[in-house]
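Take a look at the letters that make up each chain.
Number of protein chains: 2
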Amino acid sequence: MALPRLLRPLLRGLPPLARLGCGRALHRAAPAPAPAAPDFNSFVTRTNTCGELRSAHVGQEVTLYGWIQYQRQGLFLVLRDFQGLTQIIIPQDEAHAHVKKLLSNAPVESVVRVTGIVIPRPPGQENPKMPTGDIEVKAETAEVLNSCKKLPFEIKDFIKKSEALRMQYRYLDLRSFQLQYNLRLRSQIVMRMREYLCNLHGSKRIPCALEGSGQVLLSATESSAVQAAPHGWRPGQIDIEMSFVDQAGIQRLIEGLLQYSWPEQRGSITAPFPSMTYEEALANYGTDKPDTRFGMKIVDISDFLRRSDIQFVQDALSYPHGTVKAICIPHGVRYLKNKDLESLKESAKSQFNQEIMEIICRPDGSLKSLLTKFLGEKQQSELIQALNMQVDDVVLLAAGEHKQVCSALGSLRLETADLLEAAGLVLRDPTAFHFLWVVDFPLFLPKEENPTELESAHHPFTAPHPSDTSLLYSDPTKVRSQHYDLVLNGNEVGGGSIRIHSAEQQRFVLEKVLKEDSEVLSHLLEALEFGAPPHGGIALGLDRLISLIVDAPSIRDVIAFPKSFRGRDLMGNAPDYVTPEELEPYHIQVSWLLAEKEAKKN
Amino acid sequence: MALPRLLRPLLRGLPPLARLGCGRALHRAAPAPAPAAPDFNSFVTRTNTCGELRSAHVGQEVTLYGWIQYQRQGLFLVLRDFQGLTQIIIPQDEAHAHVKKLLSNAPVESVVRVTGIVIPRPPGQENPKMPTGDIEVKAETAEVLNSCKKLPFEIKDFIKKSEALRMQYRYLDLRSFQLQYNLRLRSQIVMRMREYLCNLHGSKRIPCALEGSGQVLLSATESSAVQAAPHGWRPGQIDIEMSFVDQAGIQRLIEGLLQYSWPEQRGSITAPFPSMTYEEALANYGTDKPDTRFGMKIVDISDFLRRSDIQFVQDALSYPHGTVKAICIPHGVRYLKNKDLESLKESAKSQFNQEIMEIICRPDGSLKSLLTKFLGEKQQSELIQALNMQVDDVVLLAAGEHKQVCSALGSLRLETADLLEAAGLVLRDPTAFHFLWVVDFPLFLPKEENPTELESAHHPFTAPHPSDTSLLYSDPTKVRSQHYDLVLNGNEVGGGSIRIHSAEQQRFVLEKVLKEDSEVLSHLLEALEFGAPPHGGIALGLDRLISLIVDAPSIRDVIAFPKSFRGRDLMGNAPDYVTPEELEPYHIQVSWLLAEKEAKKN
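These protein sequence lines are chains A and B, in that order. Read in order, the letters of the first sequence are residues 1 to 602 in the numbering used here. Read in order, the letters of the second sequence are residues 1 to 602 in the numbering used here.
Pulled out of the complex, with its shape left as it was, chain A reads as follows (with noise of 0.2 Å):
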């Protein structure tokens, strides 16, 4: 959905990529000096890129290198590089008959250089859509370094096409103007985040600390396990170890990060970022991911109810954790269609076996719905007040367990904003960037399976609240974990902890709260016996974030070569079948499943 909206600038004439300067947003650190715009043009033999020619070049012989994106008649082309577009006049002479045969012959996308003069274009033809819509030039000489064949289909068709197909053909697609955005962006956010951390405070690029941490071998570890997937050239993500510090210095560091690294385009963010509990989070917005961009919060009206004869209600709030909760659709009755409604009923009740009950405000203020009648007159009037209940809104109520009933509003939210989008309303608006914090999860949680045992909400190696670190020896059920995710708009794109440096404690947490064998990760637990320092870090989900940054639909459109959803590389078509002969040198046979093996015969 989000492309073509940005596409739209696109097609008044993108400024040129090398004006993408980085944010220098307010940070306490010493702030870096501006950078001097780079130099695209040093170790090439071109002498200006299709980008950055003005009124200022007329007179000067060029030398540009580019594509052809645009051909006519025989008159004239249009030049296109990573830096922009150039239009070129052909000559029609006869002295450069040879000229204008060889420009007017090649076809769309083959490589030229053209060699020219910079020229003005005539009074009223000027384009000021085009950076170098006053421009343009007239080829003296010109060498066709490589034509191109047939497309498959127009570049500028590129986006429309299937996802298969864009992926087979990435190198067309990356000729587009919104991926080379995205990716030029991207690199610059990144090589910003790397001054912050280097030069401004002293980080080194290895993602650990040196100073003798056991997460260093804890990372070890990790790294050496079996790589299934093809890599890519993404780096798997921003990753920051830290000795000596706290979850606010993380946050601190984080925060300090992003403001500097933060694209000037997309305005500048506030620090510090907002914190919410993992508890907060999970009542408030029935997720541990808020989008705190609208409201529609998750309100309880249990006490409200607690005193009415609804049956399901009394059933609800009998059980230990029973809660009776609902959110408001303001303007629900203007936008949303019954069958709308009944959709997010049914979705409640396949997703998460929840039944809903809808209550409408009526104009004349009056609420219809099939609990009106269980309720007095105070209680409906009560109800209005804490749900906030205007007219023509629309109420969702949930009565059940609090983490289901949670998680069902908060799905139905995030549901109905979507339709109330689809139908017209603004309620997310794609210009704001809402950073928070959820902190204060549980350090365990009971295994699904067997919910008598316990598993690490996260990993083994988070470190309990400091508040909480006797109820680990007493009620580890009961400990919150020194985790922190990081969210934007909805979205998880960081996380981290502060880890155990004690061995004692580690060895405690595997043995007797998790039931695993310590012996796997000895080396880890000796590791933290020779002074391994108090430490804790954070990963940052760089194509996650990026992809938000540049409201792009999918994280493939900030990823130069991704692979498809299935791991394939639908470019190079691998991974491919191995012979056998080829893994014998590697000790390995391949398993084929009988039904493929069958088909591979055939």
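Quick caveat, the hints were computed from the structure, so don't treat them as lab data. There could be a bad hint or two in this list.
Because identical chains share one entry, a pair is satisfied inside a single copy or across any pair of copies.
[What the hints assert, rightly or not] Keeping only pairs whose Cα atoms sit at most 30 Å apart, straight-line, the calculated DSSO-like set for lysine-lysine is:
| hint | residue 1 | residue 2 |
| --- | --- | --- |
| 1 | K403 | K339 |
| 2 | K368 | K403 |
| 3 | K129 | K156 |
| 4 | K150 | K512 |
| 5 | K161 | K149 |
| 6 | K149 | K512 |
| 7 | K515 | K150 |
| 8 | K515 | K478 |
| 9 | K149 | K515 |
| 10 | K156 | K447 |
| 11 | K373 | K349 |
| 12 | K156 | K138 |
| 13 | K289 | K349 |
| 14 | K100 | K297 |
| 15 | K289 | K339 |
With the hints as your guide, set chain B onto chain A.
Frame of chain A; chain B shown alone:
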């Protein structure tokens, strides 16, 4: 050999690592402004690092975190972090009994927090070898954050231990100043390289031209190949790929990159780097990676001996590529023992199947050799002149096929240099950095197993030298390539080429010259047909380059977590045995060698 020498300044007190600024060498692009010193104390709970306190801090209360390097009789201790060492005075009064007990009892290498007051050292007790040697910190409060159990050996002894032990306890090894220094310098050099490429020249982080390059595909194919070895954290290397560039453009880019990122404390390097053809390198140095820091070049003496009656010389010269060559070892008589000369000759015999003759220049200037009786006085004097022989010099002479003779003498030249240096002569200045481009390699070589067939000298995508393009179709053995190697002090630290961008030429090379099935590369050929631009690239071997810059004996000294020679991770004991059940989801079986299978059973 090199490490102990490098350690000497460390013993005198290493300069604080924060000061390791990288050089801002001359460069024609806009010079980057000097970055502010990084702030190591933001986000963590210390006030200062252990390397930064000076007389100016006297009277301040500070909080330091670090490892106990040394503790003496409950009176004082030395605290160490990644920035340096600070002496801590343990309080002896009753009010601080708890602090005294805690700091006196904490084992060496325990992690502690110390808060105290900076005081001047008593007059005469200052330590000028220590950057913090003017002050000490009188502890007020302290906390043991992690106690260290008895180490397998002392940190300072690590360097003497076996490689396997160092790798097993790499997290302890990494606490040494030398490794910290190497890795921090590496990080700074790489950061400067990124600044040069991204900020000054607008490169993207994606290691391939985005402009629809065929190389994109090539790289994609390579990247999808089976990754047999487990990955460490080091980047493979720096990969650069550019459109519309020629060999000179790539060379100037790399020279600028190295000048820009060169660390100040290693002097400066001048560009352009000298260039040498492969043929010259072979003829003069017997290798494609000449160490030009010293002489002893190979001299062709075929013409002087052509008229002699020496049978083996005549035999050699009668063959097509027959030659007689020699190297002259200055003061060889003084520095080489008889057994040295014998071992040199044996080495040439065993490695190259090459006989070596020796000629010695006596104190009276006459020659001593089995050859002299076959040579007239004029020939002897011509030989002395051609080889620039002085009294006490030793000449090693070889006759045979050109490449074999050159390779043997090139190898002897390096072995001799080792022997001369072991005997006390300094031939190769360890502070000198001799960069050299080696160019004009042959594009194809005869296959070793079948010399009538050709294989690529580097890879089949390397473009032919522009002057030799027509030879591709008439006499491919004579075609020089556009491959270039970057050599530093006799080590290959980079290599690359201009690639073929014409599908037609690429298909000819694959099918007609190399007799390969071009079908497996059909996606590459197709990409070339869709308007791939002329392009080329280079890869720098960062591990080797950095190890030469810091004068480390092994690349493992500049990698945080290197694998052992056999690709094993000795710390995490990976790779490890995996059960058949764990492999099932991957459809893989391990084919145990019978012997291993038996061993595993027992």
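Tested hints:
1. Taking the closest pair of Cα atoms, K403 and K339 come within 30 Å of each other only inside a single copy of the chain (27 Å); across copies the shortest separation is 84 Å, beyond that limit.
2. For a Cα distance limit of 30 Å, the shortest separation of K368 from K403 inside one copy, 27 Å, qualifies, whereas the shortest one across copies, 97 Å, does not.
3. Taking the shortest alpha-carbon separations for K129 and K156, only the intra-copy value of 18 Å comes in at or below 30 Å, while the best inter-copy value is 67 Å.
4. Taking the shortest alpha-carbon separations for K150 and K512, only the inter-copy value of 26 Å comes in at or below 30 Å, while the best intra-copy value is 67 Å.
5. In this assembly of identical chains, the alpha carbons of K161 and K149 lie at most 30 Å apart only when taken from the same copy (19 Å versus 63 Å across copies).
6. For the homomeric pair K149 and K512, the shortest alpha-carbon distance between copies (23 Å) is at most 30 Å, but the shortest distance inside one copy (67 Å) is not.
7. When the C-alpha separation of K515 and K150 is checked against a cutoff of 30 Å, the pair qualifies only between copies, where the shortest distance is 28 Å, while the shortest distance within a copy is 63 Å.
8. In this assembly of identical chains, K515 and K478 lie within 30 Å of each other by CA distance solely inside one copy; the values are 18 Å within and 70 Å between copies.
9. Proximity of K149 to K515 under the C-alpha cut-off of 30 Å is restricted to the inter-copy arrangement: shortest distance 25 Å between copies versus 64 Å within a copy.
10. For the identical chains of this complex, K156 and K447 are neighbours neither inside a copy (51 Å) nor across copies (47 Å), given an alpha-carbon limit of 30 Å.
11. Taking CA atoms no more than 30 Å apart as the test, K373 paired with K349 passes inside one copy only; the shortest distance there is 24 Å, against 107 Å between copies.
12. Taking the closest pair of Cα atoms, K156 and K138 come within 30 Å of each other only inside a single copy of the chain (26 Å); across copies the shortest separation is 71 Å, beyond that limit.
13. With identical chains, the CA atoms of K289 and K349 are at most 30 Å apart within one copy only, with a shortest distance of 22 Å there and 71 Å across copies.
14. In this homomeric assembly, K100 and K297 never come within 30 Å of each other (Cα to Cα): the closest approach is 66 Å inside a single copy and 56 Å across copies.
15. For a Cα distance limit of 30 Å, the shortest separation of K289 from K339 inside one copy, 28 Å, qualifies, whereas the shortest one across copies, 75 Å, does not.
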